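A.B. asks: Residues per chain, in single letters:
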Amino acid sequence: MQLDSLYQEVILDHYKRPQHKGLAATYDAQVHHVNPSCGDEITLNVSLKGDKVAAITWDGVGCSISQASVSILSDLLLGKSIAEADHILNNFTELMQSKGTMVGDDAILEDAVAMAGVSKFPARIKCALLGWMAYKDAVVQAQAKL
Amino acid sequence: MAFDPRVVRQDFPIFERTIREGKRLVYLDSGATSQKPNSVIEAESNFYRMHNAAVHRGAHQLAEEATDAYEGARETVAKFLGGTADEIIFTKSATESLNLLAYAFSNGGSDNRFNLTSADRIVVSEMEHHANLIPWQQLAKRSGAELTWFAVTPDGRLDLSNLAEVITSNTKVVALTHQSNVLGTVNPMAAIVARAHEVGAVVVLDACQSVPHMPVNVKDLAVDFLAFSGHKTVGPTGIGVLWGRADLLKDLPPFLFGGSMIESVTMTDAVWAPSPRRHEAGVPNMAQAVGLAAALEYLSAIGMAEIYAHEQNLGAYLLKRLQEVPQLKLVGPLDMNERGAVASFTLGEIHPHDLGQYLDAQGIAVRTGHHCAWPLTRKLGVQATTRASLYLYNDEEDVDVLIDGILGAQKYFGDK
Numbered sequence: 001m002q003l004d005s006l007y008q009e010v011i012l013d014h015y016k017r018p019q020h021k022g023l024a025a026t027y028d029a030q031v032h033h034v035n036p037s038c039g040d041e042i043t044l045n046v047s048l049k050g051d052k053v054a055a056i057t058w059d060g061v062g063c064s065i066s067q068a069s070v071s072i073l074s075d076l077l078l079g080k081s082i083a084e085a086d087h088i089l090n091n092f093t094e095l096m097q098s099k100g101t102m103v104g105d106d107a108i109l110e111d112a113v114a115m116a117g118v119s120k121f122p123a124r125i126k127c128a129l130l131g132w133m134a135y136k137d138a139v140v141q142a143q144a145k146l
Numbered sequence: 001m002a003f004d005p006r007v008v009r010q011d012f013p014i015f016e017r018t019i020r021e022g023k024r025l026v027y028l029d030s031g032a033t034s035q036k037p038n039s040v041i042e043a044e045s046n047f048y049r050m051h052n053a054a055v056h057r058g059a060h061q062l063a064e065e066a067t068d069a070y071e072g073a074r075e076t077v078a079k080f081l082g083g084t085a086d087e088i089i090f091t092k093s094a095t096e097s098l099n100l101l102a103y104a105f106s107n108g109g110s111d112n113r114f115n116l117t118s119a120d121r122i123v124v125s126e127m128e129h130h131a132n133l134i135p136w137q138q139l140a141k142r143s144g145a146e147l148t149w150f151a152v153t154p155d156g157r158l159d160l161s162n163l164a165e166v167i168t169s170n171t172k173v174v175a176l177t178h179q180s181n182v183l184g185t186v187n188p189m190a191a192i193v194a195r196a197h198e199v200g201a202v203v204v205l206d207a208c209q210s211v212p213h214m215p216v217n218v219k220d221l222a223v224d225f226l227a228f229s230g231h232k233t234v235g236p237t238g239i240g241v242l243w244g245r246a247d248l249l250k251d252l253p254p255f256l257f258g259g260s261m262i263e264s265v266t267m268t269d270a271v272w273a274p275s276p277r278r279h280e281a282g283v284p285n286m287a288q289a290v291g292l293a294a295a296l297e298y299l300s301a302i303g304m305a306e307i308y309a310h311e312q313n314l315g316a317y318l319l320k321r322l323q324e325v326p327q328l329k330l331v332g333p334l335d336m337n338e339r340g341a342v343a344s345f346t347l348g349e350i351h352p353h354d355l356g357q358y359l360d361a362q363g364i365a366v367r368t369g370h371h372c373a374w375p376l377t378r379k380l381g382v383q384a385t386t387r388a389s390l391y392l393y394n395d396e397e398d399v400d401v402l403i404d405g406i407l408g409a410q411k412y413f414g415d416k
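Each protein sequence line maps, in turn, to chains G and A. No gaps in the numbering here: position 47 of the first sequence is 47 in this note's numbering, and each next residue is one more. No gaps in the numbering here: position 91 of the second sequence is 91 in this note's numbering, and each next residue is one more.
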């Protein structure tokens, strides 16, 4: 069934065992993003060290897609350079906007390729992107402080 | 003749199609918008085919026919609500109806009876849809009036224990929903209206969730203004209604300015036309008004009392079946005498968006989220809920399919 292409094992794993959930006490920037159509909320902390993403922690409430997506992101972007993380983020955004025509490059996206199925469900793309947009916002704010 | 939703469904062409790989459409989202019978679709398109012209202007036969059709629609709406035609204002939506009122209140200058100042109070409730909260909240900001509200009890009723303290002698407006779009609660209006009128306040009723589902008579309710939307009432989108008592409408300043709403105009001033024309600037949504009239005629032919009785029975069945599901928690009162046939609930750890997605894969359409009543969902302590809302074309089988779907979702998300 098409539903299985949305709810990949990896997504449900991250949903049930979220990574880097729980906000760190110190951070360079903290952002709070909301999906106004469903009320999903994410607070995300970022710390930078030089040009590297030194820490990403988050807390939130929402559906399996929004929560798994931010969990995957926090795992994937941690320790990357800001430029690498940007590249991954752009790649992921493109995949989400592909309306099911792309499968995603697992060399770049790793676990995040499991989100490919989301792009076939227009109502859920915002869910998948919520954490990523929060990360993008947080990094811009953190860099502004440097 | 006994009411048969399966026969009713034959009037609604959308039920002939299938959903998600051939599933029967189980439409449980009429609280968001209702489906349309053939008679409405035909009335709207027939206006374009046969009678299209700008109403109230044009010296030709089509303009005459269009005006007759549009004004005839006004008569139909008036009859449906128990008011008179000059009390019916067509808008593009109930949201616009409520905004029109809230803006009109602050458009008249200090000698207008609707003018509000910092000495006045506006009363709403915690269970309002955003459309009947934000216009008043913003009017309070514009005018300096104080905004206050009835709280909602844990079981989803209006807390009226402090009625006289909420509706104080300086209260000018009491704007409430007739039936909550989330909880299904039907608010007991008589006591509220009596108190509001005792202090000289006007009562504005958001009847979006009641007019489609039960007999609603503005005289029996004794309210002062009432808004409802066409598209939730088996009518077209793009048409809403604002009913107002004639003696109030005559003093209500206009909100939108332009063609059709004036008596005379100079370069520096304008004199308003009488209501309802004063409140209908521009060429109105004519085909949609005609479609709405066809919708109300369709509902009237079946009988609003029959539709209400059907929904009461089916609503009771829905509540009973939902309560059999483990971990499912309903919001709102459980007594059908106090509510309509809409049920919002949470399902253990399964997020409403995920449940909605699973149900969609079974052909079942529900609404998920905060249902445009964010303050209410916050008050209830839930982030989001899943809502099933019933109408005249739903039957027990639809409810059974929903319950099977919910149990299936628990298995699907539980086993993974």
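To be clear, the hints were calculated from the coordinates, so they are not data collected in a lab. There may be inaccurate statements among the hints.
SDA-like cross-link-like pairs, simulated, lysine to any residue; straight-line CA separation at most 25 Å [to be verified]:
1. G:K126 to G:H32
2. G:K120 to A:Q10
3. A:K411 to A:D29
4. A:K411 to G:H32
5. G:K126 to A:Y308
Pair ranges (Cβ atoms, derived) [said to hold, decoys possible]:
6. G:A107 to A:T148: 54 to 60 Å
7. A:H130 to G:A144: 46 to 52 Å
8. G:E94 to A:H60: 51 to 57 Å
9. A:S45 to G:H87: 30 to 36 Å
Note that the structure is a prediction, hence the values are computed from the model and not measured. Beta carbons are placed, not taken as given, at the ideal position from N, Cα and C, and that holds for glycine.
A.B. asks: So, against the hints stated earlier in the document, which numbers end up violated here?
C.D. replies: 2, 4, 5, 7, 9
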